[in-house]
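Residue numbers (the numbering used here), protein chains in the order written: chain B, 1 to 297; chain E, 1 to 297.
Misleading hints may appear alongside valid ones.
The list cannot tell twin chains apart, which means a pair is met if one copy fits it or any two copies do.
25 Å max Cα-Cα, derived SDA-like pairs, lysine to any residue [as the list claims (entries may be wrong)]:
(1) K242 - D109
(2) K146 - E37
(3) K248 - R178
(4) K203 - G256
(5) K48 - D94
(6) K146 - E18
(7) K242 - P31
(8) K146 - V20
(9) K248 - E37
Calculated from the structure, these hints are not laboratory results.
Protein chains: 2
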Amino acid sequence: MQSGPLQEALSATSTAVERVLDPILAIPPGPEARVVEAMRYSVFSGGKRLRPFLVLASAELFDVERAHALRVAAAIECIHCYSLIHDDLPAMDDDDLRRGKPTVHKAFDEATAILAGDALVSLAFEILADDATHSDPFVRLELVRKLAHASGHHGMVGGQMIDLSAERMGLDEAAIHRLQQMKTGALISFSAESGAIMGHAGKQARAALHGYARDLGLAFQIADDLLDVEGSPEEVGKATGKDADAGKATLVGLMGVERARQQAVVLTDQAIAHLSMFDERASLLRAVAHFAINRRT
Amino acid sequence: MQSGPLQEALSATSTAVERVLDPILAIPPGPEARVVEAMRYSVFSGGKRLRPFLVLASAELFDVERAHALRVAAAIECIHCYSLIHDDLPAMDDDDLRRGKPTVHKAFDEATAILAGDALVSLAFEILADDATHSDPFVRLELVRKLAHASGHHGMVGGQMIDLSAERMGLDEAAIHRLQQMKTGALISFSAESGAIMGHAGKQARAALHGYARDLGLAFQIADDLLDVEGSPEEVGKATGKDADAGKATLVGLMGVERARQQAVVLTDQAIAHLSMFDERASLLRAVAHFAINRRT
């Protein structure tokens with residue numbers, strides 16, 4: 001599959017999700033406007049929209065209403081953007097550049113960046129719990145529960161905690177896998193599974209999407225690490241070479257570039273194999289797996 | 001009413017809420033343990049437990065199961081603790097002391113404090129959405145939606161944004177009221193209203209509790225500001241005189257100590273007047289209103 005239809009789908013996803021978030025993030029009249037401006041700065045700054053794309057693509061497999069899927073995609077993107085804002089803070093990864101633009105604490109200030117991240121978390125759950133997100137209350141509750149779990153100390157936040165401690169002590173391959181499952185894998189898996197939740201899909205379909213997303217997430221992470229080693233800041237849109245400078249343990253650092261690249265290919269093939277029960281409607285999910293390891297940004 | 005039964009009720013609330021949170025915040029085996037230790041440090045550090053108390057006291061008015069009310073109380077306390085952790089950060093109010101102990105970023109480090117706050121938000125929503133919190137899914141969803149709204153950019157986070165900007169520009173009385181409604185009032189109102197939500201109470205009862213909590217919240221805030229002006233760090237358990245040093249606009253600053261104290265009394269009477277439809281089961285809610293303006297910490 002060529003990148004044409006995939007790029008189109010990613011770009012359409014981005015537009016559609018922004019259309020959902022635009023009125024929700026209307027600028028209020030008071031001095032609290034500043035925090036909403038910072039939220040908008042983060043949410044409307046481009047990005048690949050991988051997670052929203054996975055939501056929409058998995059929702060299509062189960063004939064979920066697109067309007068519902070778009071709200072779930074928007075909620076997950078709020079969580080993703082909050083994690084980027086907080087990870088970029090001086091006390092965390094201390095990054096000045098994100099997607100080729102100043103990070104939120106650089107464009108605004110640290111306090112505003114912390115608050116913008118905080119407000120995006122609340123907003124994500126407010127969106128999911130709303131009637132407009134799904135007609136079945138149990139679906140909305142499962143979405144809230146699983147997103148909360150994936151983003152909290154058992155998932156994304158726990159992973160970032162391990163990542164920060166990894167700068168101080170070495171991790172072996174198994175520990176790095178676990179870190180990445182938590183830090184980025186949990187949210188990616190939830191994104192791919194959410195379509196199955198909304199579509200009341202059976203266990204088998206859920207497990208297939210979960211497995212797909214797990215392998216895809218790991219492949220994506222290796223690709224990220226490779227870009228950090230091989231990419232230039234101009235290409236990647238953020239500082240590179242940071243992992244090595246920080247003494248961070250990564251799979252690329254442990255395995256070397258060649259073996260890491262091979263493992264990414266294996267993971268991509270595995271991810272795609274999980275989709276065998278789905279017909280050609282899963283072709284975009286297959287395409288995004290190839291994209292994962294061939295991207296340059 | 002004397003403070004005896006109220007102090008007992010507050011202390012029993014504290015113990016009961018901690019019993020709910022203790023197993024939920026079990027220390028995991030991996031290096032992410034650090035963030036959970038920081039969460040526990042914040043959540044188990046005492047505090048008045050005003051919000052959990054309001055949840056339990058309002059739940060009692062409508063014969064809500066205590067186990068349900070305790071989970072909602074625990075969720076709200078997670079949100080309250082997260083807001084304290086983040087507000088204390090160097091980039092925000094830069095406080096070293098909270099409840100007589102080092103703040104989380106002092107006891108751990110800034111990155112861990114940011115992550116502990118973040119994880120407490122996710123945890124709050126995970127608790128609310130769980131089956132164990134209420135048998136009616138629509139109640140659970142309303143709790144999620146309203147807590148998300150009260151804690152986000154329309155509520156607590158928006159209020160903190162205004163508060164930070166107030167250090168740079170003056171606010172008049174109306175603007176300070178709005179700030180406080182958002183920064184602390186929204187969560188206090190939600191706490192008092194949550195019992196009515198869990199008990200499927202009618203509009204009138206909800207409105208009464210909402211009004212009670214609004215006035216109580218404002219009285220509490222004035223008492224806080226008075227302690228900042230008049231208290232010693234030893235009594236209050238945190239640095240005092242900070243508002244004036246930061247050039248923050250407060251009602252006490254605008255009105256002077258005497259008028260502010262009078263207004264707190266008026267607000268307390270108003271808060272209690274809202275409870276006229278409830279019988280002696282609301283006596284603890286009445287007592288906590290008196291406590292609000294007589295406390296020394």
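Exercise. For the identical chains here, do K248 and E37 meet the 25 Å Cα criterion within one copy, between copies, both, or neither?
Worked result: Between. Shortest inter-copy distance 23 Å satisfies the 25 Å Cα cut-off; intra-copy 33 Å does not.
For this session: Can you give me the call for K203 and G256, within, between, both or neither, at a CA distance of at most 25 Å?
Result: neither (37 Å within a copy, 65 Å between copies)
Exercise. Are the CA atoms of K248 and R178 at most 25 Å apart within a copy, between copies, both, or neither?
Worked result: The answer is within: 15 Å in one copy meets 25 Å, while 46 Å across copies does not.
Exercise. Checking K242 and D109: alpha-carbon separation at most 25 Å within a copy, between copies, both or neither?
Worked result: both (22 Å within a copy, 21 Å between copies)
Exercise. Taking 25 Å as the upper bound on the Cα-Cα distance, should K146 and V20 be classified as within, between, both, or neither?
Worked result: both (21 Å within a copy, 20 Å between copies)
For this session: Please work out whether the CA atoms of K146 and E37 approach to 25 Å or closer within one copy, between two copies, in both situations, or in neither?
Result: Cα proximity of K146 and E37: across copies only (23 Å, versus 28 Å in one copy).
Exercise. For the identical chains here, do K48 and D94 meet the 25 Å Cα criterion within one copy, between copies, both, or neither?
Worked result: Result: close within a single copy only, 22 Å intra versus 36 Å inter.
For this session: State whether the alpha carbon distance between K146 and E18 is at most 25 Å within one copy, between copies, both, or neither.
Result: both (23 Å within a copy, 24 Å between copies)
Exercise. Is it within, between, both or neither when you check K242 against P31 at 25 Å Cα-Cα?
Worked result: between (36 Å within a copy, 21 Å between copies)
Against the hints set out earlier in the document, a violation occurs for number 4 only.
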